[in-house]
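Chemist: Read off the chains here:
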Amino acid sequence: MSESSESSNRKWLYRKPRALSDTPMHYCPGCGHAIVHKLLAEVIDQLDIQEETVGVAPVGCAVLAYFYIRCDISEAAHGRAGAVATGIKRVLPGRIVFAYQGDGDLAAIGMGETIHAANRGENITVIFVNNAVYGMTGGQMAPTTLSGQKTVTCPQGRDPETMGPPIRMCELINTLDRPYYIARVALDGPAGVRRARKALTTAFKAQIEGRGYSFVEILSPCPIYQRCKPVEALKFVRERMAAEFPVRVFRADGKST
Amino acid sequence: MVERTLMTGNDAIGEGAIRAGCDAYYGYPITPQNELTAYMATHMPRLNRVFIQAESEIAAINMVFGSVVAGKRAMTSSSSPGISLKQEGISNLAAAELPAVIVNVMRGGPGIGNIAPSQGDYFQAVKGGGHGDYRLPVLAPSSVQESHDLTIEAFALADRYRTPVMILTDGRIGQMMEPLRLHSRPIPPPPPKPWALTGAKGRKSIFIRSLMLNDGDLEKHNIHLQAKFKKIAAAEVRFQETAIEDCDLLLVAYGTSARVAKSALEEARRNGLRVGLLRPITLWPFPSQRIAMRSSRCRAVLCVEMSAGQMVDDVRLAVNGRTPVLFEGRMGGAVPEARDVFRAIQKALAPSRKKRTP
Ligand SMILES: Cc1ncc(C[n+]2csc(CCOP(=O)(O)OP(=O)(O)O)c2C)c(N)n1
Ligand code: SF4
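Chains as they are written, first to last, in the working numbering: chain A, 1 to 257; chain B, 258 to 615.
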């Protein structure tokens, strides 16, 4: 029996997505980026868009995403993925373009590029991994750090009086007319992971159909700098982060929900 | 048929970019280059090409980054303060070996300065500007015609060497009108770009990066970049010489200053003074060898700039002490007057009178 017929007879319960490379990831145990990469690869497989996708990787812990996701990927300067993705999509309107960004990248240094790409209604998909800290640089305060949360640059906990409260990006982007799909999901357990996959699928489908800007915020564990064990990080995402950042679909079909 | 027209330097750059096959232009308003952004806003969409007024100069240079990553020709333009904002992006383009064209229509500085023409950004343009070890080919037009021609050249250079290229001009040339012969010869198509990110159809997926964390990788990459810069330096030096053969004094000036220097040269020649002009067209690579050769036969070299004296450092390096190097310049948006340059020439060439004590 040839190998192919053998494999076609076999019923796979689970297999690694084709769009995910075999390169071992550098992420810490329990890191949300690894999960988001896998989901992204699954969605690319499912929609069969690997050959026409061009991604933009951030400066942040996911800076090496191009080693893990098997599609064309460009680096972008810290925070500028929204602009780089715009530059790619405008000259290659037939390709599927995504930007993958952390909270420092997207909501601090890159806030301008984020808002304006959304406001222009660029037909791109933005994947926003919100882990409430700067991972790559060693656990500093992010725009999304929770009030009271301790980081190396707010060692007494974030004081909203002097540091401002955390910024809610979905809500902010939802004030703009042009975005088509805006959703927040949470990697807080198996159900949350499934919802995240669904949101990513919806976002990419919207782009494939040419409907415009789609934005998926993923509340994500970073056990190292959320300062807890991986299992507790899931709880941190579910209880503390989701209390600050409501998990829901903000806009579907171009209309606020 | 030769198409003749009358245009500003800024428009001539825009039309040059269009004729060079620029697929995408991204800009942000700043005087004195606004005519260029407006020109592109009018003409790019008409040709089904991309125009975006970006939210900032930083966004604009990173949109350029995206479009050239995708294998297309792209340009951005700004003036001094905006060019400062683009520097991280320019360093990233140089590091990732991406071809792009950046136009700086210089204005008075430092700081917000003023909107008058200046050459105060020479150091920024030719000595790095952004972080890290890189070189940037810098083309300096001194007329509307040259603004047009060098823009076309800039796209070719950028693609030939996979490098960002800067056009360094100033508010005077940008905003003045002169007759222009529009480029009408067909532009050779850009070279194939197998490195461009267009989707992994029929091939393995690829990526573009400048981050190299593995031990030794970044040094290797730097060695590769330096070898490329050496090649550019050897092959792409451009300059123009006027009345150079018999000169006792060599003027060195670029852009608007070269026009002023030329007027002073003519006045000097009328007065029997043997003055020549060497006008660098590429500021990097700099015509150092030529300046060294020419200056060795002169009594003095006089550098004219709209700055406190920036290019003069490179002239001094080229001359290497063999001939006195003098400087005449104005700052803060002021343009040197031909008669001041003429006086400086007279002074430099005056027979040295020994003071006799009675
Ligand atoms: C211009 C610039 N400023 C700062 C940095 C340093 N830096 C690298 S990653 C980063 C923040 C990363 O945090 P985030 O975007 O939240 O991503 P995470 O690492 O948490 O996934 C910073 C500030 C940089 N590389 N470039
Ligand atoms: S520091 Fe945090 S975000 Fe970065 S890899 Fe580790 S767990 Fe992930």
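Some clues are possibly wrong.
As the list claims (entries may be wrong) - If the Cβ cut is set under 10 Å, some of the chain A residues that face chain B in the computed set are:
id, residue
1, Leu13
2, Leu47
3, Asp48
4, Gln50
5, Thr53
6, Ala65
7, Ile69
8, Ala77
9, Cys228
10, Val231
Honestly, the hints are just simulated from the structure, not real lab data. By construction, the Cβ of each residue, glycine as well, lies at the ideal position given by its N, Cα and C atoms.
Chemist: Less than 10 Å between beta-carbons is the criterion; does A:Leu47 satisfy it with respect to chain B?
Modeler: At 13 Å from the nearest chain B Cβ, A:Leu47 fails the 10 Å test, so the hint is violated.
Chemist: Report holds or violated for the interface hint on A:Gln50, using the least CB-CB distance to chain B and a cut-off of 10 Å.
Modeler: holds, 6 Å
Chemist: Should the hint that A:Val231 touches chain B count as held when the rule is a Cβ pair under 10 Å?
Modeler: violated, 30 Å
Chemist: Holds or violated: is the Cβ of A:Cys228 closer than 10 Å to a Cβ in chain B?
Modeler: Hint violated; A:Cys228 Cβ to chain B Cβ min 27 Å, cut 10 Å.
Chemist: Given a cut of 10 Å on the nearest C-beta pair, is the interface hint for A:Ala77 held or broken against chain B?
Modeler: This hint holds: A:Ala77 lies near chain B, its Cβ roughly 5 Å from the closest one there, short of 10 Å.
Chemist: Would you settle whether the hint for A:Ala65 is holds or violated, based on the nearest Cβ-Cβ distance to chain B being less than 10 Å?
Modeler: holds, 9 Å
Chemist: Do the numbers back the hint for A:Ile69, that is, is its least Cβ distance to chain B under 10 Å?
Modeler: Result: holds, 8 Å to nearest chain B Cβ.
Chemist: How about A:Leu13: closest beta carbon in chain B under 10 Å, or not?
Modeler: At about 27 Å, which exceeds the 10 Å cut-off, the nearest Cβ of chain B leaves the hint on A:Leu13 violated.
Chemist: Using 10 Å as the Cβ threshold, decide whether A:Thr53 counts as touching chain B.
Modeler: holds, 6 Å
Chemist: Next item in the hint list is A:Asp48. Is there a CB on chain B closer than 10 Å to its CB?
Modeler: violated, 12 Å
Violated hints, listed in ascending order, are 1, 2, 3, 9, 10; each of the other numbered hints is respected by the structure.
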